[in-house]
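Q: If you're matching them up, the sequences are chains A and B in order. Residue 81 in my numbering sits at position 74 of the first sequence, with consecutive numbering throughout. Residue 79 in my numbering sits at position 74 of the second sequence, with consecutive numbering throughout.
Treat the hints as calculated values from the structure; they're not laboratory data. Only a predicted model underlies this, so the values are computations on that prediction, with no experimental measurement involved. Note that CB positions come from ideal geometry on N, CA and C, so glycine has one too. Accuracy of the hints is not assured; some may be wrong.
What the hints assert, rightly or not - Here are some of the chain A residues that sit facing chain B, going by a computed Cβ distance under 8 angstroms:
1. F60
2. V81
3. T82
Stated by the list, open to error - Every beta carbon over 10 angstroms from chain A, so not counted as near; a handful from chain B, in silico:
4. L19
5. K27
6. G52
7. G66
8. E203
9. T213
10. D268
11. H277
12. G293
13. F351
14. F396
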Amino acid sequence: MLRIPCPHCGERDETEFHYGGEAGVDYPADPSALADDAWAAYLFLRANPRGWFRERWFHGSGCRLWFALERHTVTDEIRSA
Amino acid sequence: MRISDRLPDHPDFLWADAEPRKSYDVVVIGGGGHGLATAYYLAAHHGITNVAVLEKGWLAGGNMARNTTIIRSNYLWDESAGIYEHSLKLWETLEDELDTQVLFSQRGVLNLAHNLADVREGKRRVNANQLNGLDAQWLSPEEIGKLVPILDVSDRPRHPVVGGTFQPRAGIAKHDYVAWGFARAAHALGVDIVQNCEVTGFQTSGDTVMAVETSRGTIGCGKVALAAAGHTAVLAGHLGVRLPLQSHPLQALVSELLEQVLDTVVMSNAVHVYVSQAHKGELVMGAGVDAHVGYGQRGSFHVIEEQMAAAVELFPIFGRAHVLRTWAGIVDVTPDASPIVGTLPFDNAFVNCGWGTGGFKATPGVGSVYADTVAHGRPHELAAPFALDRFTTGRLIDEHGAAAVAH
Ligand SMILES: Cc1cc2nc3c(=O)[nH]c(=O)nc-3n(C[C@H](O)[C@H](O)[C@H](O)COP(=O)(O)OP(=O)(O)OC[C@H]3O[C@@H](n4cnc5c(N)ncnc54)[C@H](O)[C@@H]3O)c2cc1C
Ligand SMILES: [Zn+2]
Chain A
8 MLRIPCPHCG ERDETEFHYG GEAGVDYPAD PSALADDAWA AYLFLRANPR
58 GWFRERWFHG SGCRLWFALE RHTVTDEIRS A
Chain B
6 MRISDRLPDH PDFLWADAEP RKSYDVVVIG GGGHGLATAY YLAAHHGITN
56 VAVLEKGWLA GGNMARNTTI IRSNYLWDES AGIYEHSLKL WETLEDELDT
106 QVLFSQRGVL NLAHNLADVR EGKRRVNANQ LNGLDAQWLS PEEIGKLVPI
156 LDVSDRPRHP VVGGTFQPRA GIAKHDYVAW GFARAAHALG VDIVQNCEVT
206 GFQTSGDTVM AVETSRGTIG CGKVALAAAG HTAVLAGHLG VRLPLQSHPL
256 QALVSELLEQ VLDTVVMSNA VHVYVSQAHK GELVMGAGVD AHVGYGQRGS
306 FHVIEEQMAA AVELFPIFGR AHVLRTWAGI VDVTPDASPI VGTLPFDNAF
356 VNCGWGTGGF KATPGVGSVY ADTVAHGRPH ELAAPFALDR FTTGRLIDEH
406 GAAAVAH
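So here's chain A without its partners, still in its complex pose:
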């Protein structure tokens, strides 16, 4: 079980959270201006590193806010983003 440090509520069990995948993927400013491959990249391509990864979590059983953190995908070590 991961222990997730919520910036608002402190460290809690992983089961209180929902996972949000890669952090910092913005909705395109003008989607209809994108070529097909750029739109496909927005929809489907996410970083998948073996190592440090900046990702989003949602504290559903707590403050109900989204936040980002950095987790090492091999060791599960967590540091703030």
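The hints should help you fit chain B with the ligands onto chain A, whose structure is shown.
A: Okay, now just chain B with the ligands, sitting in the frame of chain A:
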């Protein structure tokens, strides 16, 4: 016959551990089931024997040795039925093809429905399967109760069994024997199996991959074929290619050895658990992936706790079994829960990945299809729909209903 009499003796040497040569016609990266099968079919069916399988750890130490061996072909879409049924047919003759035992047991796979949405999805899939000539059936709770007497099909408020899909030709096999069988047969045809050899990069010239860089030196390649399952995104990154993959931990567990009580594979998507009983007697159970990206080959215990709670509710008799061992693999999941098989944007580089939680069943099928693709430098017709460009064209093959939890 006693089970132990049916098991082959433990062999000393099935294949030789090769020193890597300077170059090969085809370098296959990844010595799991898919890489080994691909090398075998390249040699056996295409006469391409100057082939190396490079494995960073030990042969079949990845997902091949960690999966729960469910084999079935009852996926929803025509494209999936094509490739998975091709594989199921190859399983039916695999012992002859490889001249070895793989303990393929066609005991049937049952997928439970617990609510109206499950019933609709299941019946739709049975109908689609039947149109594709597959042996899919819809079973009532009474029929399910007869097929699996230890399953509680009574009218319970939580997770009542209201029906299910059944594929009689589906089943399980022994994954180690499958890997060893392909390795032995490939080696006998001249394929080099190189263990402890991690691919760390590529040398390219224009659109051609000239060589792979490894922990054991640079190895030239006529063609290169990725078969690295959970690590494919990392490898493709060395080629500058981004793939729509997320690597997740996927766990499974076994109980102690028990009397044979279950001769069908039973899965439930809704309550996230599936179970079969292995030849020796252990209950083999699994669930869905851990939600987060992970390369650590370990998952969280709460996932196992949930799956055990569901299993005991469905099978009250399991209440007194014990968890003996749990483990995890790293599975590469695509956005549409279908694999990616085909070419990479290079003249001589190929990819096979994205089988996620369900690629063991595809081992012979994708081995043959991928070998054909690599040998001829164009997608085999069964692979063509699974090309990478479907994420741009929008021709997705959405198998979440058939593959989300069910393997
Ligand atoms: C717990 C669990 C249960 C599963 N249950 C089922 C099931 O019931 N039915 C089913 O059909 N499927 C199931 N699967 C999925 C199935 O195991 C995989 O889809 C399939 O094994 C993937 O193909 P593979 O055998 O080639 O993968 P792997 O055995 O993982 O082979 C990939 C190999 O590539 C090697 N590699 C990676 N990077 C490099 C590198 N840089 N250089 C050299 N080598 C490298 C790895 O070490 C590994 O040995 C399950 C998986 C897990 C983890
Ligand atoms: Zn919080």
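Q: Provide an ascending list of the numbers of those earlier hints which the structure does not satisfy.
A: Violated: hint 14 alone.
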